[in-house]
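The residues making up each chain are set out below.
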Amino acid sequence: MSGDAFIVGFGETRHAPTRDDANTTELAYEAVSAALADAGVTLHDVTAVVSASLDFWEGRTISSMAVNEIAGATFKSESKISADSAQALAYATARLKTDGEGLIVVVTHCKESQADPHIIDLAGFDPYYHRALDPDETVIAGFQAAQLGYSLDERSRVVAAGRKNSPWLAPLSAADVAASPETSSPLHALERAPRMDGACAVILTDGATAKRLGRPAVRVAGSGTTTGSYWLDRDLTSANDLTVAFSRALESAGWSDAPDHVELTTPYAHQALLFARALGTGGVEAFEDGTISPAGGQFAGRPGVVAGLSGVIYAVKALQGTSNRALCHGTTGLLAQSHHVICLEGA
Amino acid sequence: MSRAVAGVAVGQTHHASRRTDVSMPEMIREAIDRCLDSRGLRIKDVDAFVLGNMEMFEGINYVEQWMSDALGLAGKQVWKLNNGGTVGASTAITAYNLIASGYHDRVLCVGFEKQSEGSTQSAITTVGDPIWERAVMAGAIGNFAAMTSVYVNESGATAEQAAKVAVKARRNACNNEYAHLKLPNITVQEVLDSDMLAYPVRKLDMCPSSDGAAAVLFAAEDDAKKLSPRPAWVHAAVVAHDQQYMGDSPKRLAEMRSLIEARTKAYKIAGITDPVKELDVAEVYEPASYAELAMYECLAFCPKGGGGAHIDAGVSEMDGELPVNPSGGVLSTNPVGATALIRVAEATLQTMNEATGHQVPNVRRALATGYGGNAWTDLMILGTERL
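Residue numbers (the numbering used here), protein chains in the order written: chain A, 1 to 347; chain B, 1 to 387.
Among the clues, some could well be false.
Unchecked claim - EDC-like mimics (lysine to aspartate or glutamate), calculated; alpha carbons at most 16 Å apart, straight line:
no., chain 1, residue 1, chain 2, residue 2
1, B, K226, B, E117
2, A, K211, A, D136
3, B, K268, A, E288
4, A, K164, A, E288
5, B, K203, B, E190
6, B, K265, A, D99
Unchecked claim - One-sided and incomplete, this derived list gives chain B residues near chain A with beta-carbon spacing under 8 Å:
no., residue
7, S90
8, S101
9, V127
10, N175
11, N353
12, T356
Simulated from the structure, these hints should not be mistaken for laboratory data.
Just so it is clear, CB atoms sit at the ideal spot from N, CA and C, and this is done for glycine as well.
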């Protein structure tokens, strides 16, 4: 197992629309302490930390300042990725392979309840030409949904399939989604994944340490990332950047095709259908039969930025003790311009 | 077994307090194009990009996505970092890890900040804990002055000795085409007579606020040798943190524990036991004159408490035994997201023997640091020998 990176522990908070019982540091520690306990290690065993958070959502510049101490980075290294946490896992894997050994905490956190989504969205728009129009993400998501043309029935069923298995939120029917208020035509409010508070952490280590710990390990077999074009006059009906990230991940893992288990991060219902099409994994039925995001994905209540690593944790649970494979995805941006894909393999 | 990695090309902008002649993407292209043009390369020849910037400084969320078309990055593998003053050096260390591990072959690091279009000090105030710290933190200067008072009290360093650092930086900057603050006739007395910002830090003791960008290309093994006649091989790349709360580390500048930790690890990796003799040049991230004195001590360039005597002896001058900041340093140029990468860029140039106008003769090994409010240190050692 030399030169490989293995996930040997994970922790996830209770995600909720508002976690006002914990501040950001406490929330992250809830995930980190659970991950350490799961791996059978302590903060003293940590050799490095990689975090993922977005400053605008945290209301704090250099937002990893809130978590590097509780993740074990004192007098050690902490690196912060400003993107979905799937990319942080990819970077942690590179770090581990460079050093050849170590035990890295990958931690991600977001309290979407503490931010004003409109202000944050607005800051993501071009400051010269777009911002003065006071747009937000919903407006351009509606623009994209209109171009894609998926029916309200299809979109609503995707959301209902996600909520069906949510550990954090009550189930919703497709009729509930379709009956929710219109936001930006043709979108309805419940087609947007819910804003949530939560944190996740995984413990990544080398083969020898994984063997010594004796925990069920899952290998990070490969990864790929792509940042796409920004301007809205691009082809919004294509998710080619996801396809490219997917191909890069498969190539780095040495896989010839996609595995059966796929965890997608999908801010909107129509994007879920678009991403599934880009990966060649089917349509709305793939969400309903559990081929894609069997635990419900982002519609089940995975917070933004945290969603990628939350999907990884669910895949790890499914892969432990097997030799199966899974593919996990994270995305960042106003219209999901950046995609990060991780390949996992039961060890 | 990780791969050998080297810095092979460097580009930077002409730094200034206001680059009103360019937009932020245009400014960054200036650095990228200079870097790639120096080796006859194009964007398509690079495998991945690591970008460093603080989004809240300019108020642009997902800034790397906003610029993806303008920078030619659409469809590329982009890694975005954001960790304060250290971020530029962090892009370089990330590039090192991505190449050493075999993830990518050629990685371009880009650091940038256009402070004239934002409000850096407002954003820096948010860095503190919102309940315990933010109400008593107001930007970088007050925070730094408190730490400096402790350092002065502990070390006995004088205002005159700190002023010598300020003079050295602005005079060295005159030999660097790209530096922002060039003051050829500056004197120690002029520094001592400059406005008091927050005791004991005076205006000329402090770094400027700059617009600018830097880019450094890293490559692996034989590819590095093809790209540069004299690659700057990475001998050590270390990151170390201190505890975050000010009260947990009261001495801060007097005892920069993250810097001491980082240099101890880096010197061990690189086999350095006598840094003044075994290093040939250092580019350190000194946000204020007093900080460079403290850094001499923490980098073991001199004994503890000897920072003032070290500048008095001229060791860190251009003709000294170990020149520090021949580029003019942060005291002359400070586009925050690029500042630490400029340290790595200058160390790379010195190692490649390409620091036009401010080249130190016969550089075999160079040190570069990134600084994040005393709580965060990035440190790289580059050398002409492939280890």
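Here is how each hint holds up against the structure:
1. B:K226 / B:E117: violated (39 Å)
2. A:K211 / A:D136: violated (49 Å)
3. B:K268 / A:E288: violated (56 Å)
4. A:K164 / A:E288: holds (9 Å)
5. B:K203 / B:E190: Satisfied, since the Cα-Cα distance of roughly 10 Å is no more than 16 Å.
6. B:K265 / A:D99: holds (14 Å)
7. S90: Holds. Min distance 6 Å.
8. S101: holds (4 Å)
9. V127: Holds, because the Cβ-Cβ distance from V127 of chain B to chain A comes to roughly 5 Å (cut-off 8 Å).
10. N175: With Cβ-Cβ at 33 Å, over 8 Å, it is violated.
11. N353: This hint is violated: N353 of chain B lies away from chain A, its Cβ roughly 28 Å from the closest one there, beyond 8 Å.
12. T356: violated (32 Å)
Hints 1, 2, 3, 10, 11, 12 from the list above are not met by this structure, while the remaining hints are.
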